[in-house]
Amino acid sequence: MEKQVNSPGKPSKEGWLSSLNALIPWIDLSSIGSGAVFFVIGFIGSLIVGWVIFPMVLYSSQPQPMNFNHALHLDPEKVDGIEGDTETERCLSCHQFRDDGTFVGIPKLEKCMECHDDPESPLGDTPEEKEFMTQYVANEKEIPWLSYSRQPDCVYFSHIAHVQMGEQECRVCHGDHGKSEILPEYRANRITGYSINIWGENISGWKSNTWDSMKMDDCAECHTEKGHEENNACFVCHK
Amino acid sequence: MEKEHGRGKHYKYGMVIDLDKCTGCGTCMTACAAENNVSVRSDESDKERSITWMQLYKITNGKEFPETEVSYFPRPCMHCDEDGRGGHHPSCVSVCVATATKLDHYTGIVSQVYTRCIGCRYCQAACPYHARYFNWWDGYFPKGKGLDRYLTPEVSPRMRGVVEKCSFCHHRLMRAKNQAYAEGRREIEEDEYITACTEACPVQAITFGDLNNPEHKVSQLSKSRNAFRLLEHLNTKPKVFYLSTKDWVRKLADNYLPDQFKSINKTTG
Numbered sequence: 016m017e018k019q020v021n022s023p024g025k026p027s028k029e030g031w032l033s034s035l036n037a038l039i040p041w042i043d044l045s046s047i048g049s050g051a052v053f054f055v056i057g058f059i060g061s062l063i064v065g066w067v068i069f070p071m072v073l074y075s076s077q078p079q080p081m082n083f084n085h086a087l088h089l090d091p092e093k094v095d096g097i098e099g100d101t102e103t104e105r106c107l108s109c110h111q112f113r114d115d116g117t118f119v120g121i122p123k124l125e126k127c128m129e130c131h132d133d134p135e136s137p138l139g140d141t142p143e144e145k146e147f148m149t150q151y152v153a154n155e156k157e158i159p160w161l162s163y164s165r166q167p168d169c170v171y172f173s174h175i176a177h178v179q180m181g182e183q184e185c186r187v188c189h190g191d192h193g194k195s196e197i198l199p200e201y202r203a204n205r206i207t208g209y210s211i212n213i214w215g216e217n218i219s220g221w222k223s224n225t226w227d228s229m230k231m232d233d234c235a236e237c238h239t240e241k242g243h244e245e246n247n248a249c250f251v252c253h254k
Numbered sequence: 083m084e085k086e087h088g089r090g091k092h093y094k095y096g097m098v099i100d101l102d103k104c105t106g107c108g109t110c111m112t113a114c115a116a117e118n119n120v121s122v123r124s125d126e127s128d129k130e131r132s133i134t135w136m137q138l139y140k141i142t143n144g145k146e147f148p149e150t151e152v153s154y155f156p157r158p159c160m161h162c163d164e165d166g167r168g169g170h171h172p173s174c175v176s177v178c179v180a181t182a183t184k185l186d187h188y189t190g191i192v193s194q195v196y197t198r199c200i201g202c203r204y205c206q207a208a209c210p211y212h213a214r215y216f217n218w219w220d221g222y223f224p225k226g227k228g229l230d231r232y233l234t235p236e237v238s239p240r241m242r243g244v245v246e247k248c249s250f251c252h253h254r255l256m257r258a259k260n261q262a263y264a265e266g267r268r269e270i271e272e273d274e275y276i277t278a279c280t281e282a283c284p285v286q287a288i289t290f291g292d293l294n295n296p297e298h299k300v301s302q303l304s305k306s307r308n309a310f311r312l313l314e315h316l317n318t319k320p321k322v323f324y325l326s327t328k329d330w331v332r333k334l335a336d337n338y339l340p341d342q343f344k345s346i347n348k349t350t351g
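So the sequence lines, in the order shown, correspond to chains B and C. In this text, residue positions in the first sequence follow my numbering: the first is 16, and each later residue adds one. In this text, residue positions in the second sequence follow my numbering: the first is 83, and each later residue adds one.
Treat the hints with caution; some may be incorrect.
Listed below are the simulated DSSO-like cross-link pairs for lysine-lysine, each with C-alpha atoms no more than 27 Å apart in a straight line [said to hold, decoys possible]:
| # | chain 1 | residue 1 | chain 2 | residue 2 |
| --- | --- | --- | --- | --- |
| 1 | C | K333 | C | K145 |
| 2 | C | K319 | C | K103 |
| 3 | C | K145 | C | K305 |
| 4 | B | K123 | C | K225 |
| 5 | C | K140 | C | K333 |
| 6 | C | K184 | B | K241 |
| 7 | B | K93 | B | K194 |
| 8 | B | K126 | B | K145 |
| 9 | C | K103 | C | K305 |
| 10 | C | K103 | C | K328 |
| 11 | B | K241 | C | K91 |
| 12 | C | K225 | B | K156 |
| 13 | C | K129 | C | K140 |
| 14 | C | K328 | C | K344 |
| 15 | C | K184 | B | K230 |
Distance windows between CB atoms, simulated [what the hints assert, rightly or not]:
| # | chain 1 | residue 1 | chain 2 | residue 2 | range |
| --- | --- | --- | --- | --- | --- |
| 16 | C | C202 | B | S223 | 39 to 47 Å |
| 17 | C | T112 | B | D133 | 47 to 55 Å |
| 18 | B | A235 | C | Y139 | 33 to 41 Å |
| 19 | B | L73 | C | K91 | 28 to 36 Å |
| 20 | C | Y139 | B | L73 | 43 to 51 Å |
| 21 | B | F172 | C | V152 | 17 to 25 Å |
| 22 | B | M231 | C | K227 | 28 to 36 Å |
| 23 | C | S306 | B | F172 | 38 to 46 Å |
Keep in mind that the hints were calculated from the coordinates and are not lab data. A virtual CB, placed ideally from N, CA and C, is assigned to each residue, including glycine.
For reference, chain B alone in the conformation it holds in the complex:
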């Protein structure tokens, strides 16, 4: 407290200015002054906050109630009930359409129990199945899945129009979910409560896969590409 501590390792003003200048060589910081330095630091800092930290804080992360192995269930050699030549046809074995053309989404327990009917005799030997048998099948309790793709209340989406009439594969929007062995964490926007998957993971809109960004413009882009401009009318998706 009594002694003033000198920090011998502290570089002189010119020293750290020039080292910062090495990072951004296109601006000569010493000629502009220290105000510009603080501006640049603040600018880069706010970019990091806006593009990295805020998106991380914005989305919550919740585990699914239990794991589900899509890759295993989609393998016709391992699972009897799965039929179909294409991946989409195999997806439709469980994620079905009703007779009126509506889509069931995540199947109910009833669908699982078409195969996993006896709690005493599991079909495989995984611990997940044992948990599923004892906790859900034995008690006939629905699994409280967290839906990755549930649309907001004001959005209308018809699966049958895309899959059956438009001949789109499931993976165009859902990615390689069908090949996953472990369910990813469910991440919901803390403000809106919507899942991150409905808009796609990429907030900048840059996409290498169709499912990276799935905002309104991406829907319209695909409709136009396929020659269905009539489906870009507002009321087709907004309700």
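Chain C: place on chain B using the hints.
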């Protein structure tokens, strides 16, 4: 016109309301409100703030008894079309600053996107038919009291501060399309897509269908000599037609200069 709006088949969904059949029972209003999740308020007697996508007007010929005659005018959104003089928008669409309402050239239906509406109410002022309503309060659908159970899942409830109007039950069109797709069809039949008011009308005064399709009953009725539209002089080209054989009813549907009105009946004038 076809080229201008790209490929795809063009429909023109419209409605014909036979005023001679209408008894003014109000079933269309009730069916509409229930179908489209129109909320009720604690004081529904305040009609200036009430929301009625389908409104029923009562008109009389203004004569003393025993010549008094009464007629009822059910009024949905008219879903106005291009005016044919180069204007591409109905009056509400051309004033919308947020592109929250648009005329779909493929179906002829004027959409209203509630999440896009900023509540400036220009469209309300622009609509000559008073078909647009402003939400002064949030919709009231409390959970556990039963009100939430009759909600139509395909229609989103509105929040306060936005304008809403009749959508020609567009969700029923989507539902009919889904059904057709499930059966492997691309086209829907005439009776597969009708509005809630059309379905509910006990005297079948309302007919709904595609005005572009000469086989649909609605397009035949719209060409009847008894057919007319509201405020036709404004050139808004509504897709809702009315039928009436009574001259006084037809005369009240528009503003006529002296000697401008032409009777369809030879005997009366």
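Okay, the hints, checked on the actual structure:
1. K333(C) / K145(C): holds (15 Å)
2. K319(C) / K103(C): Satisfied, since the Cα-Cα distance of roughly 24 Å is no more than 27 Å.
3. K145(C) / K305(C): violated (31 Å)
4. K123(B) / K225(C): holds (24 Å)
5. K140(C) / K333(C): Between K140(C) and K333(C) the Cα gap is close to 14 Å, so the pair holds against 27 Å.
6. K184(C) / K241(B): holds (23 Å)
7. K93(B) / K194(B): Holds, at about 14 Å.
8. K126(B) / K145(B): Satisfied, since the Cα-Cα distance of roughly 17 Å is no more than 27 Å.
9. K103(C) / K305(C): Holds, at about 18 Å.
10. K103(C) / K328(C): holds (12 Å)
11. K241(B) / K91(C): Cα-Cα ~15 Å, so holds.
12. K225(C) / K156(B): holds (24 Å)
13. K129(C) / K140(C): holds (15 Å)
14. K328(C) / K344(C): holds (12 Å)
15. K184(C) / K230(B): holds (20 Å)
16. C202(C) / S223(B): 39 to 47 Å: With a Cβ separation near 40 Å, C202(C) and S223(B) satisfy 39 to 47 Å, so the hint holds.
17. T112(C) / D133(B): 47 to 55 Å: Since the Cβ atoms of T112(C) and D133(B) sit about 51 Å apart, the hinted range of 47 to 55 Å holds.
18. A235(B) / Y139(C): 33 to 41 Å: Holds: the Cβ-Cβ distance is about 40 Å, inside 33 to 41 Å.
19. L73(B) / K91(C): 28 to 36 Å: Once the Cβ atoms are compared, 43 Å apart, the range 28 to 36 Å for K91(C) and L73(B) is violated.
20. Y139(C) / L73(B): 43 to 51 Å: For L73(B) against Y139(C), whose Cβ atoms are near 50 Å apart, the range 43 to 51 Å holds.
21. F172(B) / V152(C): 17 to 25 Å: violated (46 Å)
22. M231(B) / K227(C): 28 to 36 Å: Holds, at about 35 Å.
23. S306(C) / F172(B): 38 to 46 Å: holds (40 Å)
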